[in-house]
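Taking the hints into account, I'd like the entire structure generated from these sequences.
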Amino acid sequence: MSIAGMLLLAISFTNAHAKEKMNHNQSDMKMNHSTMKMDKMNNPTAEAVLADYFTMKDALVGDDSKKAAQAGTKLMASLKAFDMKSYSKEDQKELADIIEDAMEHAEHISESPIDHQREHFKTLSKDITDMVAITGTKNTLYEQFCPMYDKGSAWLSTSKEVRNPYYGSGMLKCGKVQKTIQ
Amino acid sequence: MKILKIIAIILLVAFVGIQFIPTERNQSDTVPPTDFMLVHNVPETIQNKLQVSCYDCHSNNTQYPWYNKVQPAAWFLEDHIKEGKAELNFSEWDSLSSRRKKSKLRSIVKQIENGEMPLDSYTLIHKDAILSKDEAEEIIGFITQLKNSL
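Chains as they are written, first to last, in the numbering used here: chain A, 1165 to 1346; chain B, 10 to 159.
Simulated from the structure, these hints should not be mistaken for laboratory data.
Where hints are given, some of them may not hold.
Claimed, not checked - In silico DSS-like cross-links for lysine-lysine, where the CA-CA straight-line distance does not exceed 30 Å:
1. B:K119 - A:K1244
2. A:K1257 - B:K111
3. A:K1337 - B:K119
4. A:K1337 - A:K1230
5. B:K110 - B:K94
6. A:K1253 - B:K111
7. B:K94 - A:K1286
8. B:K111 - A:K1343
9. B:K111 - A:K1340
10. A:K1343 - B:K156
11. B:K119 - A:K1286
12. A:K1230 - B:K119
13. A:K1343 - A:K1286
14. A:K1337 - A:K1231
15. B:K78 - B:K94
16. B:K91 - A:K1286
17. A:K1286 - A:K1249
18. B:K91 - B:K78
19. A:K1286 - B:K111
20. B:K94 - B:K119
21. B:K156 - A:K1257
Predicted model only: the values in this text are computed from it and were never measured.
Below you can see the structure in the form of structure tokens.
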């Protein structure tokens, strides 16, 4: 019991470190680019939302409900911290709407069994996809689609290879890339 | 024997005592223009069903059962209504954006499909709130169509 506790503590410490490091890198990047007209591609708070979304996606691919729930809690925080100052009024309105919706799905995912998590992940994926359409991202993303889950469901991935978050090990490779987002 | 008697008296006093703690009532005389039924063209059979099966916890107007003034039942109800309205409030439906509406409609369908809603603890007492298979299908059909039209 205590060993497990120590381990957990150690892991959370290294996580915190890694995150801090990441934040540093991102803020550095922002400074470098601030003179260029690239702030649309370069919103560290949007990247943080994406990072938590992908952690969640990977957890669902791995049938790991607990990890998905933790990612849900983290995602709620990163959504809350989303900085939309640099966008037009219209985009801000849209983003606020997206974030409010995504927040609710993240909350449900943080406290539900895996089937229910996957239900919410579907709508969450739509929200995040719409967010990326406005914010852009520094990475290439792949919008993937599985025709079988709930009359067809999409999600985002950083990898071209299909790993299905709606079925996990039940049907790991069901789906195809339907769009590349650059 | 004496101890039992004391415990019984304490419990009785506590039971009477908690009756004086007020609870928030979820009741309203008017139906706001944002109400789901006023915004959408909902068939009458579905209107009735939603009213009986959903509106007690998902609107600003609860048809309270007789025991609603007896504690601790009243707390239990208050809690459920608060939570229910936070998730979905049909009375304030039209204040949601179309994204939020679609999201809610999808959740409604899923909850009914999975038999999660109406809650078992609710239908246990409100037998008329139980959705038959046909009724559930009818509602799901309507809600799905509505979602696709938004």
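Legend entry - Violating hint indices (sorted, rising): Hints that this structure does not satisfy do not exist here, as all of them hold.
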